[in-house]
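Enquirer: Sequence:
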Amino acid sequence: MDTTLQNLLLSWAFVLLSTIVSEAQTARLEGTVRLPDTTTPVVGAFVYIDGTDLSAVTDVRGDFILPEVAAGQYDLVATGLGYRTVVRPVKVVAGQTLRVQLEMDEAVIGLPPVVVEGVSLTGGLAGLKDIPGSAHYLSPLDLEKFSYTDINRTLRAVPGVNLQEEDGFGLRPNIGLRGTGSERSSKITVMEDGVLAAPAPYAAPAAYYFPAIGRMQAVEVLKGSSQIRFGPYTTGGAINLISTAIPDRFSGRMHLLGGSYANRNLHTYAGNSHRNFAYLAEAFQYQSGGFKKLDNDAPTGFDKKDYLAKIRINTGPKASLYQSLTFKIGQSKEVSDETYLGLTESDFKATPYRRYAASQKDQMNTSHEQFALRHVIEFSKNIALTTTLYRNNFHRNWYKLDKVVTADGEKVKIAKVLDNPVGQAEAYGILTGQTSTRDDALRVKANNRTYFSEGIQTALGWHFHTGSIRHQPDLGIRLHRDEIDRFQWVDAYAMDNGTMKLTSAGTPGTESNRVERGKALAAYLQYKLKTGKWTFVPGLRHENILLERMDYGKNDPARLGTDLATRSNQVAVWIPGIGLDYRPNAFVSFFGGVHKGFSPPGSKEETAPEQSTNYELGARYRKGALSGQAVLFFNDYDNLLGADLASSGGSGSGDLFNGGEVKVKGLEWQLSYDLLPASGAGWSMPFTVVYTYTDARFQNSFDSDFEGWGKVEKGDELPYLPNHQLTLLLNLNNQHFHFNISGRYQDAMRTRAGQGALPDNEKTDAHFILDANAGYTIHKNVVLFASLTNATDKVYVVARRPAGLRPGMPRAFVGGLKVRF
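This note's numbering puts the first residue of the sequence shown at 1, with every later residue one more than the last.
Since the hints were derived computationally from the structure, they do not count as laboratory data.
Among these hints, one or two may not hold up.
Below, computed lysine to any residue pairings styled on SDA-like, alpha-carbon distance capped at 25 Å [to be verified]:
1. K623 to T38
2. K416 to H395
3. K665 to K623
4. K403 to L475
5. K403 to S320
6. K533 to K318
7. K413 to T432
8. K780 to K293
9. K293 to Q611
10. K445 to N397
11. K403 to I469
12. K129 to T503
13. K318 to W669
14. K794 to S346
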């Protein structure tokens, strides 16, 4: 036999024999991770054998495989963000396959299950099935897939959400639910860890501050009758952002990403829990050079820094009366060179990412502080009380161009200039850098405002049975007050061949100079009754609100009260609701509900509160690799409120306007299926379709002082509400690799109330935006990550307010490392 062939055969035989011997000396460890007492899989859990490099990540069915485990005794560990760590001793026998089933409890905001519903919208994945209404939980895994820093992109996966982009980065989002209107997210209840997050949710709900999605663990969205627990805005729904929970063993993460437009993103945290003490420290830093280009090449980006810490002391886990006290403190700062000045139609077509020279001084400076002290006492496994004392401080000064002064002294708002650049040729020339004839040609307003929001809230959760009937009464009460203090001024500039030069410095307090306050006592009672296949959830909320304004006028910056004008408005309202759920089997449920919608009216006496009657009817299905939900909704407004906000093209007074009767109807539909259901543990390919249809129309004719409505005729559609929205999500994953694609289609939106065909100069662009990312595990604790947003580099108009056309984010690449320890 040829010597070479003989050597090859011997080598092959040796390799085969070595493999057989190796397999005989090792074993296969596989299993499934689920939520307790359910068939719901825990997807994305990190499973590893302690003291080794062997690890796996659970797939869409909760399955994992650890091949070639050496014989011996080990601790099998399952951990995951948002879950309590599980440690299971296992004995591995050579040549055998060991299968284990693990159960992981969710750590939804780190509270006992009996009190979770008092401060959580959904109760996590496990709680979704018990909610008689439309509810969505974006888990830590959902957020991890794309690692978005833009809340607009994050909420694509939730039906019924209406979004109007503004700056491309999601710094100040405009979010609505079920047709509520999206202006500064002022018509929905926004919370962080169950605490109101808007700077002044009663006195000035326009959210110029929004919690950074980049540091959040999960997001909850609740619509329908169950939302009345979380006022004061109860028409469309509520959003709760869940911050990183304190881990139950020492662990942490660090994400270090960078990419296009000098984007940089650092997110890191670490924490631990001991017997009677626990802690967490977290930092999130996000900055960009901006994708727009100023005529004079000045910066257009931002720098945002967000820090948070939590400390908890608690009794021992076996104490007869478990108690815990958690202190949360956070601080964030932002400097962004952002503007309200958009582009004319022709300039947008030529250079959509241009910034006019007259916006070179525009800059937003913000500072936010949050404090929360939460006490939990468990009287038993079935009854517990949680009480939270909270305070939020927020200051912002958006220094931005407001008006142009022509040679004859006419003060022209920037929106008017961009709507008619030919008719306002002189003003348009100054905006674009032509030398002005007047020294005070550009009026830049310092929108200097200070806010606070504080209160105490308590929630009692109680579970008990009488025979086969399960009772769950939940009672809550909140005493709250907030304030906005406007102390603004206007500076004047001349334009000198593209450069702005200060010619007159304003005096603080000589523009808006007023204080608005809100005081509220709110309470709710919700009673969940479950018997057999039926669940009934009646509820009642009460809001007693006092809103006040003290206007010192523009001639009294010292606030001596020489020209003081005051006004107040008080409202007390009962907000009832009822939901029901019928589950004929373990896979299907039908639900429906009706409740009263409410929004506070503002301090203007003649303004009535927003009130509506809201209905929904839906069905859910979940079995194996297939899950879905479909919901019909109808909101019948007795009186819709509009707000005079600068962000929507108004004067910025913040006053509310009566809009009369409005009817909103729509469909929400979501379907998910794993395209590789029979592939076994390893590969999975879940595919999700999310669709929303919304039709919102005025039911009466009137002339409105609200710029966004104008002259309204019966049957006119509300502006900035797309009829059709579609999101497609495709994920391909195995133990070491993931690839995700997200595609979103949004219909063209009206920019002014109207009906019939959309005028070209009163609409945004319909668009389909594709995002994609991939990750590869190069070590059990290190993932190499890359992401591409707007992969096709689509150019599209997202808004024509507050002044001119605004573009969506162009193509952007981000890449880096994700490390866990």
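Enquirer: Does each hint hold? Answer for all of them.
Expert: Hints, one by one, checked against the model:
1. At roughly 12 Å between alpha-carbon atoms, K623 and T38 fall within 25 Å of each other, so this suggested pair holds.
2. Taking the CA atoms of K416 and H395, the gap is about 29 Å. The hint is violated against a cut of 25 Å.
3. Taking the CA atoms of K665 and K623, the gap is near 29 Å; set against the 25 Å cutoff, the hint is violated.
4. Pair hint K403 plus L475 does not hold up; C-alpha atoms about 51 Å apart against a cutoff of 25 Å.
5. For the hint linking K403 to S320, the alpha-carbon distance of about 66 Å lies beyond 25 Å, and the restraint is violated.
6. With a C-alpha separation of about 35 Å, the suggested pair K533 and K318 falls outside the 25 Å cut-off, and the hint is violated.
7. Of the pairs offered as hints, the one joining K413 and T432 holds, with about 15 Å between alpha carbons and a cut-off of 25 Å not exceeded.
8. Only pairs whose Cα atoms come within 25 Å are accepted, and K780 paired with K293 is rejected, the gap being roughly 42 Å.
9. Of the pairs offered as hints, the one joining K293 and Q611 is violated, with about 44 Å between alpha carbons and a cut-off of 25 Å exceeded.
10. Distance hint between K445 and N397 is fulfilled; the C-alpha atoms sit about 9 Å from each other, no more than 25 Å.
11. Simply put, K403 and I469 have alpha-carbon atoms about 65 Å apart, too far for the 25 Å limit, and the pair is violated.
12. Restraint check: the Cα-Cα separation between K129 and T503 comes to about 63 Å, which exceeds 25 Å; the hinted pair is violated.
13. Distance hint between K318 and W669 is unfulfilled; the C-alpha atoms sit about 45 Å from each other, more than 25 Å.
14. Of the supplied pair hints, the one linking K794 and S346 holds, its CA atoms being roughly 18 Å apart against a limit of 25 Å.
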